[in-house]
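Undergrad: Each chain, letter by letter, is given below.
Number of protein chains: 2
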Amino acid sequence: MVTETDSRKGEHSSAVWVGDGLFTDLYELSMLQAYHAEGMNQEAVFSLSVRQLPPQRNYLIACGLDTVLEHLQRLRFGDADIAYLRSLGHFSESFLDWLHHFRFRGRVRAVPEGTPVFAHEPILEIEAPLPDAQLVETLVMNQIQLQTVLATKAERVVRAAQGRRVLDFAARRMHGIDAAVQGARAFYVGGVDATSNLRAGQRYGIPVAGTMAHSYVQAHASERAAFEAFLATYPETVLLVDTYDTHAAVDCIIDLAHTMGTDFRVRALRLDSGDLVAESQRVRHRLDAAGLNSVQLMASGGLDEHEIARLLGAGAALDGFGVGTSMGVSEDAPHLDIVYKLCAYAGVGRMKLSTGKTVLPGPKQIFRSDSGGRDTHDTIARAHESLPGRPLLATVMDDGRRLGEAPTLDTVRTHTQAALARLPSALRGLSPPEAPYPVHVSAALAAYRRDIAGNIA
Amino acid sequence: MVTETDSRKGEHSSAVWVGDGLFTDLYELSMLQAYHAEGMNQEAVFSLSVRQLPPQRNYLIACGLDTVLEHLQRLRFGDADIAYLRSLGHFSESFLDWLHHFRFRGRVRAVPEGTPVFAHEPILEIEAPLPDAQLVETLVMNQIQLQTVLATKAERVVRAAQGRRVLDFAARRMHGIDAAVQGARAFYVGGVDATSNLRAGQRYGIPVAGTMAHSYVQAHASERAAFEAFLATYPETVLLVDTYDTHAAVDCIIDLAHTMGTDFRVRALRLDSGDLVAESQRVRHRLDAAGLNSVQLMASGGLDEHEIARLLGAGAALDGFGVGTSMGVSEDAPHLDIVYKLCAYAGVGRMKLSTGKTVLPGPKQIFRSDSGGRDTHDTIARAHESLPGRPLLATVMDDGRRLGEAPTLDTVRTHTQAALARLPSALRGLSPPEAPYPVHVSAALAAYRRDIAGNIA
Numbered sequence: 001m002v003t004e005t006d007s008r009k010g011e012h013s014s015a016v017w018v019g020d021g022l023f024t025d026l027y028e029l030s031m032l033q034a035y036h037a038e039g040m041n042q043e044a045v046f047s048l049s050v051r052q053l054p055p056q057r058n059y060l061i062a063c064g065l066d067t068v069l070e071h072l073q074r075l076r077f078g079d080a081d082i083a084y085l086r087s088l089g090h091f092s093e094s095f096l097d098w099l100h101h102f103r104f105r106g107r108v109r110a111v112p113e114g115t116p117v118f119a120h121e122p123i124l125e126i127e128a129p130l131p132d133a134q135l136v137e138t139l140v141m142n143q144i145q146l147q148t149v150l151a152t153k154a155e156r157v158v159r160a161a162q163g164r165r166v167l168d169f170a171a172r173r174m175h176g177i178d179a180a181v182q183g184a185r186a187f188y189v190g191g192v193d194a195t196s197n198l199r200a201g202q203r204y205g206i207p208v209a210g211t212m213a214h215s216y217v218q219a220h221a222s223e224r225a226a227f228e229a230f231l232a233t234y235p236e237t238v239l240l241v242d243t244y245d246t247h248a249a250v251d252c253i254i255d256l257a258h259t260m261g262t263d264f265r266v267r268a269l270r271l272d273s274g275d276l277v278a279e280s281q282r283v284r285h286r287l288d289a290a291g292l293n294s295v296q297l298m299a300s301g302g303l304d305e306h307e308i309a310r311l312l313g314a315g316a317a318l319d320g321f322g323v324g325t326s327m328g329v330s331e332d333a334p335h336l337d338i339v340y341k342l343c344a345y346a347g348v349g350r351m352k353l354s355t356g357k358t359v360l361p362g363p364k365q366i367f368r369s370d371s372g373g374r375d376t377h378d379t380i381a382r383a384h385e386s387l388p389g390r391p392l393l394a395t396v397m398d399d400g401r402r403l404g405e406a407p408t409l410d411t412v413r414t415h416t417q418a419a420l421a422r423l424p425s426a427l428r429g430l431s432p433p434e435a436p437y438p439v440h441v442s443a444a445l446a447a448y449r450r451d452i453a454g455n456i457a
Numbered sequence: 001m002v003t004e005t006d007s008r009k010g011e012h013s014s015a016v017w018v019g020d021g022l023f024t025d026l027y028e029l030s031m032l033q034a035y036h037a038e039g040m041n042q043e044a045v046f047s048l049s050v051r052q053l054p055p056q057r058n059y060l061i062a063c064g065l066d067t068v069l070e071h072l073q074r075l076r077f078g079d080a081d082i083a084y085l086r087s088l089g090h091f092s093e094s095f096l097d098w099l100h101h102f103r104f105r106g107r108v109r110a111v112p113e114g115t116p117v118f119a120h121e122p123i124l125e126i127e128a129p130l131p132d133a134q135l136v137e138t139l140v141m142n143q144i145q146l147q148t149v150l151a152t153k154a155e156r157v158v159r160a161a162q163g164r165r166v167l168d169f170a171a172r173r174m175h176g177i178d179a180a181v182q183g184a185r186a187f188y189v190g191g192v193d194a195t196s197n198l199r200a201g202q203r204y205g206i207p208v209a210g211t212m213a214h215s216y217v218q219a220h221a222s223e224r225a226a227f228e229a230f231l232a233t234y235p236e237t238v239l240l241v242d243t244y245d246t247h248a249a250v251d252c253i254i255d256l257a258h259t260m261g262t263d264f265r266v267r268a269l270r271l272d273s274g275d276l277v278a279e280s281q282r283v284r285h286r287l288d289a290a291g292l293n294s295v296q297l298m299a300s301g302g303l304d305e306h307e308i309a310r311l312l313g314a315g316a317a318l319d320g321f322g323v324g325t326s327m328g329v330s331e332d333a334p335h336l337d338i339v340y341k342l343c344a345y346a347g348v349g350r351m352k353l354s355t356g357k358t359v360l361p362g363p364k365q366i367f368r369s370d371s372g373g374r375d376t377h378d379t380i381a382r383a384h385e386s387l388p389g390r391p392l393l394a395t396v397m398d399d400g401r402r403l404g405e406a407p408t409l410d411t412v413r414t415h416t417q418a419a420l421a422r423l424p425s426a427l428r429g430l431s432p433p434e435a436p437y438p439v440h441v442s443a444a445l446a447a448y449r450r451d452i453a454g455n456i457a
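The listed protein sequences correspond, in order, to chains A and B. Heads up, the first sequence is in this note's numbering, so the first residue is 1 and it goes up one at a time. Heads up, the second sequence is in this note's numbering, so the first residue is 1 and it goes up one at a time.
Just so you know, the hints here were simulated from the structure itself, not pulled from any lab data. Heads up, a few of these hints could be off.
Stated by the list, open to error - Output of the computed footprint for chain B on chain A, the stretches with three or more beta carbons under 8 Å from beta carbons of chain B:
{"#": "1", "segment": "126 to 138"}
{"#": "2", "segment": "162 to 176"}
{"#": "3", "segment": "208 to 214"}
Just so it is clear, CB atoms sit at the ideal spot from N, CA and C, and this is done for glycine as well.
All chains should be modelled from the sequences, with the hints used to inform the complete structure.
TA: Listed below in C-alpha cells is the structure:
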C-alpha cells in the first residue's frame, strides 16, 4: 500500500506512465498468443536500425536508450489491462494469465547514447525469449526514434550557432507531453544549453531558462510599466522588446538603465520578430552607444539551423537563440526509416527477402576505425568477431536488469561532444558530404547473409 | 489512501500523467510570480488560433479539446514539484505556497471537436484570472496542436481511400507515447477505422486491429508452417505475404485453402512492399481464379494520402490500407503556426503590434454561414455580437469544471463527418482550392481592433 501522494509523486517524476505493457500493437499480442500456443519461446535476436538516413542528415545521434531500459525494467500488465484484453474476446485465459505475470527477461546490447550512427548499423539488439523480444517492438522503436530524431536535429542547430547559447523553447509545439519532456533530454544530449520545460528540468536535471512573453507586456498599462515591474522581481532577466515597437522598447530600456544606475542588471534583450539581422545590428549599436555593452541580444521565432547560419553569415549581432517548433518536430526529417527486425531465432540467423528490405542476420557488432584521432570507417560484423577498431555495442541489460549505473545525462552529453569531434569534418557541415561515411559489412557477416538467404531460397 | 493497484490502474488508463502542473515553461511561472507580487489577477482572455494554414491543408479539424479539459480539471503541483521549484532559487515561499494550492478556475469557450477551422479563427478561448490563463499556455497549445495536426492529416488519408478501410499502424514511428495514444484518438475522429495501438483502444474505446509481422513468418521453419500455425489460433485472420516471395506465399495460401476446405476462413492478405499496383492485381487475379473472391487485399508500407490516391488511380486491387509513419508524424505539415495570445485583460482588449503578428482583440465568436446545405463563409466577430450564421464556440468549462457530459468519441466522429459534408466541395480535394474559404472579420471587431491599436500607438 502506498498513499495517493506517494504514488502520485512517483508518477509525477516521469510525466508518462513508465512500463505500460499495453503500449504495444495488437499484432504483437496476437503473435505472442500464437507463440504461447505453439510453445515457441526460444531465444530470439531483434536488431534496431535505420535503413537509410534522411537526405538532410549526415549521421544520427543515437539517443533514448536509458528511457527504454527504464520502461523495459518496469514493463507490466495491470488488472485493468488484462480486463480490457479479455473484453476483446481474442485471448485465452491461459495467455492472459501469462501476460499478467509478464516480466521482461531479455538482454540488451546497445551503442552508448550520444554515439553517431549510420544506416544499417544496429543501434540496439535485444536477445530474449521470442515473446519478450517481440512484445517490446512498438515501445522500443517509438522511444529510440523520438530521442534520436530530436538529438540529431538539435545538434545541427547547436552547430549552426557556433558556440552561442541555444535554448529549447519547443514544448508548446511538440507532439504531446512525452515528446516534449524526452525531447528536452535529447536536445540537451545534442548540445542545447537549457530548456524552458520545467518537467524536463525536474526529471532530468537539465538547466531551465525563460523569462517573459508578450502577454506580460500587454497585460500592463504600458511597456515601461511592464519592464519596471518585471525588473522589481527579476533584476537580472531577459526583456522581450518586440511587443509594440522594438526601437521604442530599447529606448525605454536605455532610459531605465540611466535612471536605475548600478541597479540595472538586465542580462539580455530578446527579439522575436522582424528582420533579425538589421534589428539586432541596430539594437546592438544603440545599446553600445548607451554604454550597455554587457547587455546581450537573444533571438527567437521560427529559427532552425539554416536560419541561424544565415543570420550569423549576414552579420546578425546575436549572442543566443531560443529555438522552438522546427527543432521540436524535426521539421525537415520528422521520422526515421527505423526498423526492429528479427535476425535470429533458436540460434539460427533469420532475414526477410522483401524487395529492398533485406536484413543483416544474426547478432551483430559495429567496429569503428580511426586514424589520427578521426574516425575513418565502420564495419558491421557478426557479434563474436574481433576486428580492428572500437566495438560500439555493449551489454547494458541482462535478464531484464540493467547492468551497472546509468551514465548521468552530463556524461552522455560529454560523450556526444567527444564522439562528434572524432567524425570526419566533411560530415559536420549542414549540407550532405560529397561521399557518405563508409560503412562496410565484414566478410564473415556477408558470407552468413549469403548462407541464410540460400537456405530460404 | 489508495492501494498501489488502484492508483496504478488510474494512471494506466491515461498512459500520461494527466494534470501535470510542471508541464509548463519556466517563463510562465516567472510571469506568474511577478503577477503574484503585483497583485495582477483580474480576468484575462487568451485565444488559441492558427495564424496561417500549412500550404498542404485546406482546413484544419479542431481536435484535442476533451483531453485539454481533462488536464485542466486535474491540474496540480505535487510536493515533489514544489520542492523542485524551490531548488531553483527563483521563487518565493509565498508564491510556492500559492502554486501548491493552485486549482484552475477558468472558463473555456471552444468549437466542438471535429469542427473544420481556418486561419485566425479562435479554436478555444480561456477566460480566467490572469495567472490561471497564462500558466496553461504550454499545455493547451501542445495538446490541441497534436490532435489537430493528426486528425487533419488522417482525414486526408481517409478521403484518398474512398471508403476503403484505413487502419492506424503508426504508433512505433510517432513522437513518443502521448502522441501515439492521443494520435489514435485524433485519427479515429478523422475517420480512420481502427488502430493497432492497444492503449489507445483501451483508453478511448477505439476498435483495434492487427494480426502478424514478418518476424512471425521468419521465426518458423517455413512460411507454410507459419501460416498453418497462425490459422490454428486465428482462423479468420489477415496473412502477411511478402516476407520471402509474394507469389509463392499466395500459392501456398491457395493450396491451404484447398486442403482446409470450409475451414479456410482467411479474411485478407497483406502486401507490405513492392509494386503494390501490379502485385495487388496479380494476387487478386490468382485468388479469384482459385475461387477465393472473398479474400480481401490490404496494403501497407510507406503510404500517405497521395500514394493511396495514386494506387487507386492506377487500378490497384486493394480493399484497405494500413497507414503508419507519414500519417503518424503528419510528415508534410508536422506542426501548425498555432498561437495562444492574450486578447483582453481587466475588460480591455489587448494586442501586440510585432511585424506580421497582430492579434484580434477581445473575446470572440465565429459565425458560419451556409446556403443550400453547404457552408459559404465564416465571420469572426466580438463574442457578444449576434450575426447571421451558426455560432461555433460554446462554453464547455466554467470555474474549472466541465459543463455537461463530454461527447463520446463516436459522437465526435459523427459530428466531424457531418461538418465535413457541409464544406464547399472545392476544399475537399487533396490539392489547394482555387480560392481559399472566405473568413471575414465583423465590422464591430475590425473597429475594436482599430481602437485598441490606436490606444497603443
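Undergrad: Give a verdict on every hint.
TA: Results of checking the hints against the structure:
no. : hint       : in the structure
1   : 126 to 138 : holds (count 4)
2   : 162 to 176 : holds (count 7)
3   : 208 to 214 : holds (count 7)
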